[in-house]
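Asks: These are the residues of each chain, in order.
Number of protein chains: 2
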Amino acid sequence: MAGKNVFYAQSGGVTAVINASACGVIEAARKNRKFGKVLAGRNGIIGALREELVDTSLETKQAIRGLRYTPSGAFGSCRYKLQSALEAPAEYERLIAVFKAHDIGYFFYNGGGDSQDTANKVAAYSQAVGYPITCIGIPKTVDNDLPYTDCCPGFGSVAKYVAVSTREAGLDVASMAESSTKVFVLEVMGRHAGWIAAAAGLAKDHPQAPPHIILFPEIAFDKQVFLDKVKATVKKVGFCVIVASEGAQYADGSFVADAGLKDAFGHTQLGGVAPSLVDMIKLEHGFKCHWSVADYLQRAARHIASATDVAQAYAVGEAAVEFAAAGKNAVMPIIVRGKGKKYTWSIGEVALSKVANVEKKMPRGYITRDGFGITPRGRDYLAPLIAGEDYPPYKDGLPDYVRMTNQLVQRKLPRFAVE
Amino acid sequence: MAGKNVFYAQSGGVTAVINASACGVIEAARKNRKFGKVLAGRNGIIGALREELVDTSLETKQAIRGLRYTPSGAFGSCRYKLQSALEAPAEYERLIAVFKAHDIGYFFYNGGGDSQDTANKVAAYSQAVGYPITCIGIPKTVDNDLPYTDCCPGFGSVAKYVAVSTREAGLDVASMAESSTKVFVLEVMGRHAGWIAAAAGLAKDHPQAPPHIILFPEIAFDKQVFLDKVKATVKKVGFCVIVASEGAQYADGSFVADAGLKDAFGHTQLGGVAPSLVDMIKLEHGFKCHWSVADYLQRAARHIASATDVAQAYAVGEAAVEFAAAGKNAVMPIIVRGKGKKYTWSIGEVALSKVANVEKKMPRGYITRDGFGITPRGRDYLAPLIAGEDYPPYKDGLPDYVRMTNQLVQRKLPRFAVE
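Residue numbers (the numbering used here), protein chains in the order written: chain R, 1 to 419; chain C, 1 to 419.
To be clear, the hints were calculated from the coordinates, so they are not data collected in a lab.
Be a bit skeptical, because a hint or two may be false.
Same chains, same label: a pair holds when it works inside one copy or across any pair of copies.
[As the list claims (entries may be wrong)] EDC-like mimics (lysine to aspartate or glutamate), calculated; alpha carbons at most 20 Å apart, straight line: (1) Lys121 to Asp370; (2) Lys61 to Asp145; (3) Lys395 to Asp205; (4) Lys395 to Asp380; (5) Lys100 to Glu389; (6) Lys341 to Asp396; (7) Lys223 to Asp114; (8) Lys288 to Asp228; (9) Lys341 to Glu322; (10) Lys342 to Asp396; (11) Lys223 to Glu284; (12) Lys282 to Asp228; (13) Lys282 to Asp258.
These numbers come from a predicted model, not from an experiment.
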């Protein structure tokens, strides 16, 4: 007889490899008779509250295998944070009611710090109300800001995308600079931490290679120092490639992106850090500039995913099932880096209570003293995370990503309103 | 005894595969004793005027092979248009002087319409002054706007990048739309023609799949019709993915990108079409939006190049040498599409005089009647051009692109000032 069902949900901003974690969960659970069906939340935790549960047992083996190479959230994700059970008891009651109604004994929550906090609260609440749910967190975030784990699944692939794009765009600017564009700015994600921007530094394969300037949220932006560095770089190298975190900010905490642009109606516009920097450079130096904003392209770019990242994303999904099978609760699998010179990794674990709402900052020692680049230590940390290619299959020139049929299980409860 | 030397130059905006054409030229010329050395212009035609000639015979066979998978212009390109010989005789005299001094009998010019015009003028001028140079054009442009050739080397790869990125970002938005971003705008190149934006349409694999709206420069932008379509799409599909040509424009020819934004000093800013559209959508509908500007990333993205495009880029380079060997002059190799249902292509030729300064527009029949998508005819034209993957080699997680040593041949002439 199969055991209790599993509820799996994706949470927050999606990544190129979050579905690889889903693949790990579903494939491992299908193999283990301790588990019943894996029910996935349609649009994450909202799906549990609304009793919209995708029955993944109706998907073929091939479709589930395809999750490994399909980016973004196959069952839908959401930005929805449960309050504490004290503030919002109705939501917790509802969750438990849905879990009971569908014989769910396991909750695997695939997300960042907020989600781990939620999983931890659900574990405690379910215990308190006498319907204990085994809650396992599965780490995911392009921001690489979860503590304890050496890195976060999702980060390695966005890092690879940014490093590859920087190298490629850098070659473009280099070949045009004599008579045309002299400055190129690439804006990347990272509102609070510069991990993603730092990855661009991996593209630098000789002292004059791009990127020449990286702007981190951790380093206060000094306009004049920046403009001087741009000028000096163009003079020395002939051109200048800049990679800027969207969260680049002045010493007072105001964002560089908020350049004070106003539209025809006088409304202030958040223009993006790239165009803001370009405006400054044009005004001061008159250089011809180009700029790019990678936005979702960077975190959805499964076509250039890191093989290391894909393997780790799969492994943490698989480990969640193994942890649950072993009777563990309120924990999260983490990536542990081996001590040797050659990069190795294994799966470890940490209590959810320790992870919840703690942000891992980038060590200052990863950033060069001038604040514009990464140090050898930073490079040593980052380089293995982008190693290896893991191409999806193609059909007619395009990645042949899978699409779930996403059939919902029959409702058993009255409706519940979720804003 | 080896024949006369070849002068090869890259011109205008570079592409992911222009070096594949260079590879075709150099490999073919090395095999044929009719040709001496291939000398490449450092920064394109400027290199000829300045007598800065890269001696490609000093590069290893492996390095030259590596050009096939290395994006952008390995010898440097330029935006520099020669005037007519009547307006600027000094430049033509100089070119011929440099060609004479370095025993150059062949000029292969790798560029767009302007460059083919220049190559044609050089052919005529050299004839007139009694030092006839064999001039062969080699087509290149991401804009796909050269006439006679079925497509332009460089376009297939940018098309593939845009189609892949649209599919990937579309999956991202789809998975977040329930509680977060509802609209995503991707801005792509194409100031005068919508070929690149059209390629995004290849990502649409079912009627509700992204992209939902493509904005072409060929179709007058009607703000209200656009905003209504966005709203209807969000209502029907749950989200809306828009791919916009940078050249999207109103009926009066003014660019959508010129949204009338002003900076802190009151200067008007050209903000990019993506942020301009997002401003409109937010103001009218209040949807949460994200946007991306691909810019150089799209045309430098050799990591996701079209195998068809790479093969064609190589073939037109090789054909230029074969044409010259066969005694042809003032012609350009073109891609000829086979008549059958299955896509085939071969190399044809056209006189430079016919190509020069003629722009190929996208047929109206490739665009749907509502102006927001591509028709089956458009799809039939575009689909084969992105077919096949041709991955570069990787080292440490990054494409291992080659770098030329770019050693210049000894000068023989006095300096010549080029602005």
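Asks: It remains to establish, for every hint, whether it holds in the given structure.
Replies: Hint-by-hint comparison with the structure:
For a Cα distance limit of 20 Å, the shortest separation of Lys121 from Asp370 qualifies neither inside one copy, at 43 Å, nor across copies, at 51 Å. Proximity of Lys61 and Asp145 under a CA criterion of 20 Å is satisfied in neither setting, with 33 Å inside one chain copy and 46 Å between copies. Taking the shortest Cα distances, Lys395 and Asp205 sit within 20 Å of each other only across copies (11 Å), while inside one copy they are farther apart (34 Å). Taking the shortest Cα distances, Lys395 and Asp380 sit within 20 Å of each other only across copies (15 Å), while inside one copy they are farther apart (37 Å).
For the identical chains of this complex, Lys100 and Glu389 are neighbours neither inside a copy (42 Å) nor across copies (49 Å), given an alpha-carbon limit of 20 Å. Within a single copy, Lys341 and Asp396 get their C-alpha atoms only as close as 42 Å, which misses the 20 Å cut-off; across copies the closest is 15 Å, which meets it. Proximity of Lys223 to Asp114 under the C-alpha cut-off of 20 Å is found in neither arrangement, the shortest distances being 34 Å within a copy and 39 Å between copies. Proximity of Lys288 to Asp228 under the C-alpha cut-off of 20 Å is restricted to the intra-copy arrangement: shortest distance 16 Å within a copy versus 37 Å between copies.
Taking identical chains as interchangeable, the C-alpha atoms of Lys341 and Glu322 are never at most 20 Å apart, the minima being 29 Å within one chain and 52 Å between chains. Taking the shortest alpha-carbon separations for Lys342 and Asp396, only the inter-copy value of 13 Å comes in at or below 20 Å, while the best intra-copy value is 39 Å. When the C-alpha separation of Lys223 and Glu284 is checked against a cutoff of 20 Å, the pair qualifies only within one copy, where the shortest distance is 11 Å, while the shortest distance between copies is 35 Å. Proximity of Lys282 to Asp228 under the C-alpha cut-off of 20 Å is restricted to the intra-copy arrangement: shortest distance 13 Å within a copy versus 36 Å between copies.
When the C-alpha separation of Lys282 and Asp258 is checked against a cutoff of 20 Å, the pair qualifies both within a copy, at 17 Å, and between copies, at 17 Å.
Going through the hint list in order, the structure does not satisfy hints 1, 2, 5, 7 and 9.
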